[in-house]
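Engineer: Residue strings, one per chain:
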Amino acid sequence: MSTLPSSTERQTAGIGLRCPHFEAIVATRPAVGFLEIHAENYMGGGRMPARLEVVRRRWPISVHGVGLSLGSAEGINNRHLERLARLVERIEPDWVSEHLAWSVVDGMYLNDLLPLPYSEESLAVVAANIAQVQNRLRRRLLIENPSTYLRFAQSTLSEVDFLNELVRRTGCGLLFDVNNVFVNCRNFGGDPLAWIEGLPADAVHELHLAGHAVNDADGVTILIDDHGSQVSAAVWELYERAVARFPTAATLIEWDSNLPPLPVLVAEAQEADRRWRSVHKEVGYAAAA
Amino acid sequence: MLPLRELQSRFAAVAAGRLLAEQAFADSGCVVEDAPGAAARLAIHVHHFRLTLIEALGATFPVVRRLVGDAFFTAAARRYVLSQPPQRPCLFEYGDGFPAFLASLPEAGSLGYLTDLARLEWAINRAHHADDVPSLDAAAAAAQIEAPSCDLFIGLDPSCRLVKSAWPVDQIWQVHQQGDDEIAPVDLEAGGVQLFIHRQDGEVGWLKLDAAAFAFIGSLLADGRLGKANALARAIAPSFNAPALLESLFEGDVVASVTAIN
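As given, the protein sequences belong to chains X and V, one line each in that order.
If you read the first sequence in this note's numbering, its first letter stands for residue 11, the second for the next number, and so on.
If you read the second sequence in this note's numbering, its first letter stands for residue 12, the second for the next number, and so on.
Using C-beta positions, here's what the derived DEER-type ranges look like:
1) X:R39 x V:R90: 43 to 51 Å
2) X:R255 x V:G190: 46 to 54 Å
3) V:P117 x X:P210: 56 to 64 Å
4) X:G238 x V:P73: 17 to 25 Å
5) V:G213 x X:L147: 22 to 30 Å
6) X:P273 x V:G80: 30 to 38 Å
7) X:A254 x V:G80: 47 to 55 Å
8) X:R179 x V:R90: 40 to 48 Å
9) X:V36 x V:G238: 40 to 48 Å
10) V:G213 x X:R179: 40 to 48 Å
11) V:D148 x X:V65: 25 to 33 Å
12) X:R100 x V:A177: 37 to 45 Å
13) X:G85 x V:A195: 51 to 59 Å
To list a few chain V residues with every Cβ distance to chain X over 12 Å, as calculated:
14) S115
15) P159
16) K175
17) I194
18) S230
19) L232
20) N241
21) A248
Hints in this document: simulated from the structure, not taken from any laboratory.
Note that the Cβ used here is the ideal one computed from N, Cα and C, for glycine as well.
Please model the entire structure based on the sequences and the hints provided.
Structural biologist: This is how it looks when you write it as structure tokens:
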């Protein structure tokens with residue numbers, strides 16, 4: 011059956027490339043499947059792009075943007091898009107991804123992945139911006155579902171419906187962030203499994219895993235997607251459901267704050283591989299391969 | 012219902028402290044009042060905006076931060092973030108106005124060298140991240156130098172920066188690369204410095220220049236014409252030796268282009 015993954019189609023989990031780990035990665039050559047970079051850190055010259063040239067000879071690279079602001083009503087900043095295009099042309103990454111979020115308005119960059127109302131107006135804005143980026147990059151963009159901490163009264167679509175419609179209108183792919191769905195469902199209610207079932211399976215090409223923080227806001231527990239700890243047990247369980255539905259998607263471990271030594275990250279990636287294998291053994295994919 | 016553009020403008024105004032969350036959204040019913048309430052939920056984003064940019068400034072100006080202490084730095088950086096938020100998503104480009112902002116603070120006047128030190132850290136940061144350019148084609152450059160011409164245009168590497176101070180900011184920067192227990196005293200009466208900062212083989216370093224050499228490189232950076240730079244330097248020091256300085260610039264991979272002007 012061509013829809014089932016073979017063992018060679020499966021990708022070994024990757025890790026986010028963070029500056030303090032660079033020397034250790036080059037020295038120890040961990041057996042991770044790929045490295046993901048934040049595009050905006052590599053848009054200048056000097057040491058950062060030189061380091062990227064070193065690692066891309068050994069590992070596939072995924073370019074993950076954080077500053078394109080696909081949800082900006084004022085449109086995409088062309089200068090920033092050109093810088094991204096030059097980076098992508100130079101690095102030739104396996105995937106380029108960005109967020110269903112916004113960060114730029116009135117000439118100000120808010121350095122955050124800010125939430126959008128899920129309205130017809132937002133849908134038109136984001137779809138047009140994605141189309142512009144895909145036309146310029148001449149490749150498919152993966153869109154990541156965000157973690158959110160507030161809801162807009164003017165939302166008329168669910169996040170799942172919004173993402174489905176973006177795929178339909180633009181042909182974009184999806185990056186399914188398991189932790190973000192868990193965080194959102196805990197913060198606002200909702201069933202993460204319905205979320206997994208609701209996405210178009212053939213559009214999901216990458217999965218993100220990360221730790222979250224548990225914060226108290228005026229007596230109410232709010233989970234914050236801070237990428238500052240190990241993946242929680244509940245998110246690992248959800249991940250197993252996600253890999254059952256998206257078997258060919260590549261998995262990435264993200265860790266940005268309270269950065270641990272490299273072996274901790276590599277062990278998380280290996281845990282993702284172990285869980286992927288156990289899921290596909292159970293459902294018989296390994297035998298089919 | 013707020014149009015998306017207006018919603019985003021209001022969000023930015025809240026982040027920059029120009030508008031209260033209650034004024035921006037809660038009254039308009041735009042944000043759902045899930046407990047603990049819209050204002051508390053907006054505060055998560057506002058806090059992230061301010062904190063991460065204060066951290067970014069701290070990473071770009073580490074010696075300034077040590078000199079003034081964390082509490083003062085955080086307060087000053089917070090005011091800077093609110094008054095001059097970033098305009099672009101690459102955070103290594105954020106902070107060009109911070110030295111001048113520090114100079115405008117009355118409290119900073121007690122550390123006369125603080126602003127110059129901030130300018131030095133900004134120059135180091137820009138040198139680190141300046142665009143890569145192809146290395147100079149030595150043969151093509153030699154041909155341009157030997158060609159009959161009125162003048163030469165000397166293009167310097169984009170990492171090149173000049174910083175001038177009435178204080179020994181190079182020494183102040185240097186001693187603060189050590190741990191707190193090992194900071195050697197700096198003689199503030201030692202006089203000023205004129206520094207030429209640039210990147211070579213991925214590492215940023217600097218040369219101390221005399222007034223004539225400083226004027227020479229400043230003129231090359233601003234204008235590029237060798238004749239004009241030489242005239243300026245010789246007006247300061249008639250014995251100024253342009254060929255010797257140029258040779259050291261070539262050796263330091265600082266010259267990016269040489270073009271004959273006819």
